[in-house]
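Q: Let's have the full structure, built from the sequences with the hints guiding it.
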Amino acid sequence: MNTTWLLTGLIALVAAPVLGGLLAGFDRILTARMQGRVGPPLFQPFYDVFKLFEKRGVSVSHFQNFYIVCFVLFTAFATGLFFAGQDLLLVVFALTAGGVFLVLGAFSPNSPYSTIGAERELLQMLAYEPMLLIAVMGLYLVAGTAIGPTPAAPAVLDTGKATTILACPPGDTNRLSASNQAASVSSAPVPASNTVASNSTVAAGCGATPCCQEAGLPACGTPASKTRAQADRNFKVATILHNARQGGMGWRMLLNLSGIFLGFLFILTIKLRKSPFDLSTSHHGHQEVVKGLTTEFSGKTLAWIEIGHWYENILLMGFVWLFFSGLHPAVAAALVAAVYFLEILVDNASARLKWQTMVKAAWIVTLVLGVSNLLFLFYFNR
Amino acid sequence: MGARTIIPFGPQHPVLPEPIHLDLVLEDEKVVEAIPSIGFIHRGLERLAEKKDIHEMAYVSERICGICSFTHGMGYCTAIEAVMKIDVPERGHYLRMIWSEMSRIHSHLLWAGLLADGFGFENLFMQSWRLRERILDLIEETTGGRVIFGSCKIGGSRRDIADDVMARLLKELASLEKDCHAITDTFMEDSTVAKRTRGVGVIAPDDAIALGAVGPMLRASGVASDSRSLGYALYPELSFAPIVEKDGDCWARTAVRVREIYQSFDLIRQCAAKMKPGPVDVKVSGNPSGEYWARLEQPRGEVIYYVKGNGTKNLERYRVRTPTFANVPPLVHMLKNIDLADVPVIVLTIDPCISCTER
Amino acid sequence: MSFFKKSPWLLHYDASSCNGCDIEVLACLTPVYDVERFGIVNTGNPKHADILVITGSVNEPTREVILNLYNQMPHPKVVVAVGVCAATGGIFRDTYNVLGGVDTVLPVDVYVPGCAARPEAIIDGVVKALGILETKAAALKAGAAEPAAVEGSK
Amino acid sequence: MGLGKLSFTALKGVFSKPATRRYPFEARPPIAKSRGRIHFDDGKCTYCSLCELKCPPDAIKVDRQGRVFAIDHLLCILCGACVEACQKGSLSMDAKHGEPWTEKQKLSWHTEAPPKPSGDAAPKA
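Those protein sequence lines, which keep their order, are chains A, B, C and D.
Following my numbering, the numbering of the first sequence begins with 28 at its first residue and continues without gaps.
Following my numbering, the numbering of the second sequence begins with 90 at its first residue and continues without gaps.
Following my numbering, the numbering of the third sequence begins with 10 at its first residue and continues without gaps.
Following my numbering, the numbering of the fourth sequence begins with 1085 at its first residue and continues without gaps.
Keep in mind the hints are simulated off the structure, nothing from the lab.
Just so you know, these numbers come straight off a predicted model, no measurement behind them.
Yeah, the Cβ is synthetic: ideal placement off N, Cα and C, and Gly gets one too.
Any given hint might turn out to be false.
[Stated by the list, open to error] If you only want the chain B side, here are some residues facing chain D, beta carbon under 7 Å, derived:
# : residue
1 : Arg-219
2 : Glu-229
3 : Glu-230
4 : Gly-233
5 : Gly-239
6 : Thr-275
7 : Asp-279
8 : Ser-280
[Unchecked claim] Derived pair list, reagent style DSSO-like, types lysine-lysine, alpha-carbon separation capped at 30 Å:
#  : chain 1 : residue 1 : chain 2 : residue 2
9  : A       : Lys-381   : B       : Lys-425
10 : A       : Lys-327   : C       : Lys-14
11 : B       : Lys-267   : D       : Lys-1101
12 : B       : Lys-267   : D       : Lys-1117
13 : B       : Lys-402   : D       : Lys-1145
14 : D       : Lys-1096  : C       : Lys-15
15 : C       : Lys-15    : D       : Lys-1180
16 : D       : Lys-1117  : B       : Lys-260
A: Here it is in structure tokens:
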């Protein structure tokens, strides 16, 4: 991790709650408009949280608040890691750990509503976790460097423009320069110093940005073959971003991941606690388990849960960004916004389903869209 | 697993605007048994008949329940009029029918919103209540109140609807009827809604009759029973048929109520077409002596008013049998072996009005 | 600067109302009145609520429930009695099962008149309650002791 | 069957004016017949106490000798029976709703010293 990424990670730690709150504010206004009302001011989520900090709390068990601190810490940690360009798998597991702490917190007061909420949250995790991991794997296969072909027998494909190693995602111009030494040199982006300067623009483009090092790729100057093994298998966000952008994957990345992306959108509804699947707790306490998970929390603790959710939402939006990361940042940003809008629309056009339906639907989606996409990536997109 | 937990459902619960308490015995999320306990809003209204005179009792009777308030006032007046042998003028009857159908629309839209809220469809709740406000505006314009109409008195109606207001009312109702389709289509056709209502809380026709279900609850099980066909007020003058669905599940009950909304629009139009200018009330003097049962159709089903007068200005006995009271046994019957998530949906599809039930 | 004024969360309880005020309280949340404009959310959960909105008069069974709800709400909190039944018992004052208004059980901060109270009147009442809520919050901040839980005299 | 039947309505909501009446800032045009609050005009009252007789919740108390009319707005159910009973038109229904109070004002209304001691020639029904 170099300083630039460290800095982005730290900035994200501070900025994520602010952005998350704003996002929640936008969400509430849009939701209100969809329901034909005016809705609260944009900063309403902040007012709510600040008020909760002022309010006295009631806690039933001592551990309750401790668990919530852990939940927020883990969620924030996951967000920080993500924006510091670190390992995506670690991010997902840190996020899950945070979720588990939230569930523990909800279990501890022993109230029936919060217990049912906690059980439902566990079922939700059961429903979305496989798809989340598949998404990570998909991103890894497409842009996480690559599970390269064995160096001895690289498959070579004529893309029409230039000879490319098949394992590199199509359009990955980085690899063009490498194609000279296809047989012996790795499929990893080759640092400029190692490359025959036949494709100077690409080489310069890559070498000029510090992202090779940031991404934990072989440092410039080291022989590529030596560090190939560690460079090849890499779940780092930085690597994915680097490959997608520098590799100019563009829409192809999304196309290759289309099934996984759709599946991810599906579970995003669960993660964002939006309507068809807002089983464990919802934004409005009009349901059979009152507020589910958060029923027994009050005052500061509730405020922290809210902040934890903001972190989580920003992290998820960052996750969505990864799918678009091959595109121009402005396009990607617009698409992320569109995804969020879609989630709000779905929230406002569907009833809450039961957990049985949720688990079934999530797993079918995971199997049909996620796994088949993954298989496709394994066998046809090498 | 298999450990039983008891979930206290109510008296304060966000999906229940009214206090009813159900002890839900759960195994995981399966409801094994539901034990209702009521009595939270018992006020002792019937006993007020001994303290308030018969004319004041009309206002008290309206406050049995704020949702179907007009029907309560109308039922009480119908019973007293029968005892005192008062002939209400034709126009008075038509006005009463218009208001009672308007209150049916308002009640059904309100209920639709609450049901939507019960299965977590917040937008549908908001949209239903948005439309309901328009009917409330019409009610306010014609009666002066939004939920308590205060327009029924012994001997006829306290207010008249002027012709220009009536024309505006019909126009607004027509546009409202058109706008209702977006909502009712969602209730009838949306697949997430169907997932929550179809096949949930099924009650067979025989069970429904045996357990004493009334109103939309009974009609949804395929039994064509509508107290309006008994012929109180001037309902025999209007053409309508009881709305019946066959499935007996939550979806069928929704369908009955949704179709009744359109039926009520139609009935209001029929009333307006048949109405002639004339007096709306007659002068009432004397005190009731004798007893009478009046049976009316409330939005929630058949309601019975029993009055017994002894020649004084106070009634000797006033008794109301409300539809929710009749629908509680079928409710308890349906609340067995279902998911916790279905409880609000099933409870709401009987359209509980606890305030009527306990008075 | 207190944020209570900007984000009051309310809890509604129907003590023994005829539903009239109840549905008007609910109507406040819906598009035409939309109290979310002021950040008001109906939480349905006493532990999250700042304002207790009670409709209807108090009778023997609901008295316990009201006390329970009130005592579960964290400080600061205010009570708004909506409708004449909640204020005095209204037309049901004389019946055998009605104890009277909410103030027979709890300290009431705002009374909203009307039968049924109009949504506009309820909004006015809640807005008035916000000022009181803020004073209470300021007092708590300044180090005043939390008011003791209200005990029901059995 | 269909998914998202309400999405069109929802989308339409984003681009059209919300149905909300911004109440405290914009009051809606009053509806003439609206029953908001009982208005008492002391100039016309003869203290006949017919209104007291007709009031279902007994919110009105009239002292015929002392010529005092008192109404408890926290008891009044706005039925309008007193307005109908009043022969002199001193009671009327105000379309504007009553204000919230922080304290109970039990007998909240007018006391009037007798302007002309002509006795109570109250129009009794």
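Q: Does each hint hold? Answer for all of them.
A: Tested hints:
Taking 7 Å as the C-beta contact cut-off toward chain D, the hint placing B/Arg-219 at the interface holds, the least distance being around 5 Å. The beta carbon of B/Glu-229 comes within 5 Å of a beta carbon in chain D, closer than 7 Å, and the hint placing it at the interface holds. With a cut of 7 Å, the hint placing B/Glu-230 at the interface with chain D holds, because the nearest CB-to-CB distance is about 5 Å. The restraint placing B/Gly-233 at the interface with chain D holds, with a minimum CB-CB distance near 4 Å, inside the 7 Å limit.
At a threshold of 7 Å, the smallest CB-CB gap from B/Gly-239 to chain D is about 5 Å, leaving the interface hint in force. Restraint check, B/Thr-275 versus chain D: the minimum CB separation of about 4 Å is within 7 Å; hint holds. At about 4 Å, the closest approach between the beta carbon of B/Asp-279 and any beta carbon in chain D falls short of 7 Å, and the interface hint on this residue holds. Interface hint status for B/Ser-280: upheld, as the beta-carbon distance to the closest one in chain D is roughly 5 Å, under 7 Å.
The hinted pair formed by A/Lys-381 and B/Lys-425 meets the criterion: a straight-line CA distance of about 17 Å does not exceed 30 Å. Between the alpha carbons of A/Lys-327 and C/Lys-14 the distance comes to roughly 17 Å, so the proposed pair stays at or under 30 Å and holds. Restraint check for B/Lys-267 and D/Lys-1101: the C-alpha separation of about 19 Å stays at or below 30 Å, so the hint holds. For the hint pairing B/Lys-267 with D/Lys-1117, the CA-to-CA distance comes to about 27 Å; that is within 30 Å, so the pair holds.
For the suggested pair B/Lys-402 and D/Lys-1145, the alpha carbons sit about 21 Å apart, so the restraint of at most 30 Å is met. The straight-line distance between the Cα atoms of D/Lys-1096 and C/Lys-15 is roughly 29 Å, inside the 30 Å bound, and the hint therefore holds. Proposed proximity of C/Lys-15 and D/Lys-1180 is supported: the alpha carbons are some 27 Å apart, at most 30 Å. Between D/Lys-1117 and B/Lys-260 the alpha-carbon distance is near 20 Å, which keeps this suggested pair within the 30 Å criterion.
In summary, the structure agrees with every hint in the numbered list given earlier.
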